[in-house]
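Undergrad: Here is what each chain is made of, one letter per residue.
There are 2 protein chains.
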Amino acid sequence: MKTFAVIAHKFKGEINLNDLPGSGRVDVIARCINSSIFLSHDIRRDVVFSFFAPNIQVRIKIDSSKVKYLNPDERSTAALIRNAILKMGEREETSPGFFSRNLSFDEFLKELKGMGKIYYLHEDGEDIRDVNISKNPVFLLSDSVNLSEEEEMKIEELAEKKISVSPKIILASHAITIVNNELDRRGL
Amino acid sequence: MKTFAVIAHKFKGEINLNDLPGSGRVDVIARCINSSIFLSHDIRRDVVFSFFAPNIQVRIKIDSSKVKYLNPDERSTAALIRNAILKMGEREETSPGFFSRNLSFDEFLKELKGMGKIYYLHEDGEDIRDVNISKNPVFLLSDSVNLSEEEEMKIEELAEKKISVSPKIILASHAITIVNNELDRRGL
Chain A
109 MKTFAVIAHK FKGEINLNDL PGSGRVDVIA RCINSSIFLS HDIRRDVVFS
159 FFAPNIQVRI KIDSSKVKYL NPDERSTAAL IRNAILKMGE REETSPGFFS
209 RNLSFDEFLK ELKGMGKIYY LHEDGEDIRD VNISKNPVFL LSDSVNLSEE
259 EEMKIEELAE KKISVSPKII LASHAITIVN NELDRRGL
Chain B
109 MKTFAVIAHK FKGEINLNDL PGSGRVDVIA RCINSSIFLS HDIRRDVVFS
159 FFAPNIQVRI KIDSSKVKYL NPDERSTAAL IRNAILKMGE REETSPGFFS
209 RNLSFDEFLK ELKGMGKIYY LHEDGEDIRD VNISKNPVFL LSDSVNLSEE
259 EEMKIEELAE KKISVSPKII LASHAITIVN NELDRRGL
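Protein chains in written order, with the numbering used here: chain A, 109 to 296; chain B, 109 to 296.
No wet-lab data here; the hints were simulated from the structure. Please note that the accuracy of each hint is not assured.
No copy is singled out in the list; a pair is fine if it fits within one copy or between any two copies.
Think about it this way: if two alpha-carbon atoms lie no more than 20 angstroms apart in a straight line, the pair counts; the simulated EDC-like pairs of lysine to aspartate or glutamate are [as the list claims (entries may be wrong)]:
#	residue 1	residue 2
1	K276	E290
2	K176	E122
3	K270	D171
4	K276	E122
5	K221	E122
6	K243	E198
7	K221	D171
8	K276	D154
9	K176	E258
10	K276	D150
11	K118	D150
12	K120	D292
13	K118	E198
These numbers come from a predicted model, not from an experiment.
Same shape as in the complex, but just chain A:
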């Protein structure tokens, strides 16, 4: 199992399906989910995708081994996220494989720590091709906004290593695709 975790700085919980960029950049999150989970005509069944929205102190987690009704396009994924927000509190599993709850940032990090060693994806890190990746790795990255100093400090304290996937500064979803490719090549 591997986990991709994203901090969604702009997301405030409201989603207009006709304007995903204007809905706290939920399009970014939807593309990260696509990169984490989808293969051609298939989905990876060994992935957890988790994102934390600091503005509303919510964590939404997708367990790909349990997921149903997930499609690769942004809009239908955003609809499942909207559903996870709307039903939050009623039950934890808001649709098959989608789990949402209120968490603080510290609780979110603690949860990740419990899932495996944390690799913080950052352009200043060591090249992933040279890094030994443990079993059940957790890859943590920011969305389109840089981490705050406090967030950065806490993550660097917790992380096994800071790793980089590209000499350029790339989109979060692209970074996830490259990590999956590296793990696929290693048979992890």
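Got chain A; can you put chain B on it based on the hints?
TA: Below, chain B without anything else, positioned relative to chain A:
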């Protein structure tokens, strides 16, 4: 300069912005454009993205050095594609950097051949990490549908090499991201 070219088998030219998967899988094309062109808060200025729709014998080409108003989300990209279809024939450049025209499959391939050596992305190819990539490469791939026998024959005749980017069968947009990463690492 590098070119990514996709054959969009399902696309028929009609686009409902509220149902991109139902619009001939234009969501797939939009994600391929995203993977080809976008960096974090920036766009690559040395990319041509070209796609051919056999159903309507149309080729739409995006020159990233001239493009304006392009955003990373699927819906706004699909809106530019819709515009390129609606205005086709009036003028070739339907919006800054978007060029559309009627072409046959053979003419599409001939145009690609004029842009550089063609690398056909396919899961049976040689690993891209072991392949010497020429200047101005053209990476050609299929969308979510396999090539027809006739298409495959013509492409294999024209292509410099068949290359693979992953041991798994992955989405076209993910393959493009991995190619860009490999070129970025080589400074190409």
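Undergrad: Each of the hints needs a verdict: does it hold here or not?
TA: Okay, the hints, checked on the actual structure:
no. : hint        : in the structure
1   : K276 - E290 : both (17 angstroms within a copy, 11 angstroms between copies)
2   : K176 - E122 : neither (23 angstroms within a copy, 28 angstroms between copies)
3   : K270 - D171 : neither (25 angstroms within a copy, 35 angstroms between copies)
4   : K276 - E122 : neither (32 angstroms within a copy, 36 angstroms between copies)
5   : K221 - E122 : neither (29 angstroms within a copy, 47 angstroms between copies)
6   : K243 - E198 : neither (34 angstroms within a copy, 57 angstroms between copies)
7   : K221 - D171 : within (17 angstroms within a copy, 44 angstroms between copies)
8   : K276 - D154 : between (28 angstroms within a copy, 14 angstroms between copies)
9   : K176 - E258 : neither (36 angstroms within a copy, 36 angstroms between copies)
10  : K276 - D150 : between (29 angstroms within a copy, 11 angstroms between copies)
11  : K118 - D150 : between (30 angstroms within a copy, 18 angstroms between copies)
12  : K120 - D292 : neither (34 angstroms within a copy, 34 angstroms between copies)
13  : K118 - E198 : neither (25 angstroms within a copy, 40 angstroms between copies)
Comparing the model with each earlier hint shows violations of hints 2, 3, 4, 5, 6, 9, 12, 13; every other hint is respected.
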